[in-house]
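Enquirer: First to last, the sequence lines map onto chains A and B. Quick note, the first sequence lines up with residues 4 to 154 if you use the numbering used here. Quick note, the second sequence lines up with residues 6 to 423 if you use the numbering used here.
Honestly, I wouldn't trust all of these hints.
To be verified - Here are some chain A residues pointing at chain B (derived, C-beta under 10 Å):
no. : residue
1   : 21
2   : 23
3   : 48
4   : 121
5   : 123
As the list claims (entries may be wrong) - Sample of chain B residues lacking proximity to chain A, with all beta carbon distances greater than 10 Å (derived):
no. : residue
6   : 10
7   : 46
8   : 63
9   : 76
10  : 401
The hints are simulated quantities; they were obtained by calculation from the structure and are not laboratory data. Computed from a predicted structure; not experimentally measured. From the three backbone atoms N, C-alpha and C, an ideal C-beta is built for every residue, glycine too.
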Amino acid sequence: MVPTQTLRKHPPLQENLLLILHELQNGSGRNYLTEEDLQAVAEYLNITRAAVYGVATYYSMLSVKPRGRHVIRLCKSPVCDMMGAPGVTRILEELLGVAVGETTPDGVFTLEESACLGRCDSAVSMMIDGQYYGALDAPALARIIGRFRRG
Amino acid sequence: MAEAHPAETRITLRNVGSIDPEKIEDYLNAGGYRSLAKARAMPREAVIEELVAASLRGRGGAGFSAGLKERFTRQATAPPAPPAPPAPVYVVCNADEGEPGTFKDRIIMERDPHLLIEGILIAAHAIGAARAYIYIRAEYDTSIRRVRRALEQARERGFTGGNGASPGAGGAVEIEIRLGAGSYLCGEELTLLESLEGKRGYPRIKPPFPAEVGLFGAPTLVNNVETLATIPAIIDRGAAWYTGLGTPDSPGTKIFTVSGDVARPGYYEVELGTTLRELIFGFAGADKLKAVLIGGAAGTFVDASVLDTPLCYDALKEKGAVLGSGAVIVMADGRSLRRMTTSILEFFEHESCGKCVPCRVGMTLLVRMIRRKEPLEALVRESEYMAANSLCPLGQSPILPLRSLARYFPAEIDGSEG
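Put together the whole structure using the sequences plus the hints.
Expert: Have a look at this one:
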């Protein structure tokens with residue numbers, strides 16, 4: 004499926020590339036950019052596929068590899084690290100049964116790390132999709148992940 | 006923690022907690038957009054000179070004079086030669102807040118987005134810009150939503166919008182939101198401009214500075230959120246009032262974000278010159294202090310001997326420390342500085358863009374060296390090499406924490422410890 008509708012919302016200028024890639028990735032429900040997406044964007048903006056691919060792979064919030072329905076971004080900044088991020092990572096990995104960078108076999112979650120989420124006053128923090136969760140500990144993680152699994 | 010601590014001096018955060026950030030009426034009732042009207046009735050040069058006189062320094066970390074930036078941008082802009090359309094000039098708001106330990110810009114955007122918009126509009130008037138961009142990191146979901154809503158309201162009320170025919174005149178400035186996508190380096194002003202142009206976040210060679218060759222090659226004023234959000238108060242109450250706050254070399258207030266081992270982590274706006282002791286013990290409730298990292302990853306460690314040093318640009322410099330973005334990370338007794346430094350170096354390694362070799366290879370080496378417990382002296386030497394040869398501030402940053410460790414905690418990183 005060619006993502007024409009998303010493309011047409013923006014004038015065909017390279018300055019709109021990041022906005023377009025965000026919208027394609029988040030609007031598709033797939034949470035990643037397909038070969039077809041990148042090709043269509045390159046044609047629409049009249050820039051090379053390499054330029055589009057280069058941008059799509061440079062920025063850590065964009066992905067060209069399949070991801071789960073929900074993307075978890077766990078903060079591993081120096082502040083969160085000090086306040087217990089390594090322990091939180093282990094708990095999350097156990098709860099989900101996957102390591103950082105992987106997607107659960109049921110395709111529900113992808114576990115990623117973020118360099119810093121800017122929530123240092125409620126460390127350890129993470130985002131699931133657009134939602135923040137702070138002051139994470141084992142019970143909170145079990146509750147949050149459980150809610151997503153049921154939902 | 007919307008409530009201000011009684012000893013805070015809230016200027017940029019003055020409306021936080023007392024207005025609904027989604028209602029422009031609240032902002033207007035609190036005197037909002039009055040400074041914009043005042044500025045638009047002033048000649049551009051007078052607005053710029055007021056900011057120069059206020060000695061407002063960039064709050065993103067570098068601390069360069071905001072007024073001078075405006076003056077340089079204005080000077081680089083070709084004078085209008087009708088009937089040709091005016092030469093483009095842009096305001097870019099740097100809302101790509103990514104320095105670990107820093108979350109002040111998020112608070113401004115989430116809690117008082119119109120203040121930021123008013124600051125941008127005043128800056129646009131000062132330099133004659135018809136277009137402005139707010140580059141917000143994509144992780145800041147609520148900020149994006151609130152600023153977007155505020156822009157809609159500002160447009161409905163005629164503060165922004167129009168066709169740009171007469172820049173600076175009421176209602177002729179377009180402001181657009183652009184999103185980052187998870188790159189710390191894009192918070193560096195020239196890299197941010199590359200990203201705004203739809204490219205990979207690679208830094209540009211400097212000079213030329215953005216004031217001369219910025220977005221799309223045009224003169225561009227790039228300012229941090231907190232800097233822009235401070236402008237309305239300066240226009241409203243004047244440079245003389247503003248310089249009456251803070252210290253002679255660092256006038257005004259600054260938002261500090263305190264995290265780590267404190268009872269009350271959060272954001273505190275205080276006059277510059279407030280001591281570190283007041284901030285972390287008085288406001289944030291620290292106890293049994295070992296070290297403080299001021300300025301984030303691109304910041305400096307200090308020990309208890311610096312507690313009574315006023316938090317301002319020059320006094321900290323004498324102590325081998327930086328004010329930076331205002332991040333204050335408190336480490337209590339028992340915390341490992343080796344561990345913290347490893348995390349900092351891993352952060353830089355991850356965020357190094359790879360464009361220039363000294364940084365790309367240097368960051369990998371530094372991480373390897375600290376894991377192998379090589380002497381701190383060797384790490385400092387490597388970081389000195391990087392600082393001298395890297396293209397952008399990222400490669401020039403590791404020297405800050407490493408050199409401060411050598412000054413205050415020389416024995417902590419060497420093989421013997423942790």
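Enquirer: What are the numbers of the hints the structure violates, in ascending order?
Expert: No hint contradicted; all consistent.
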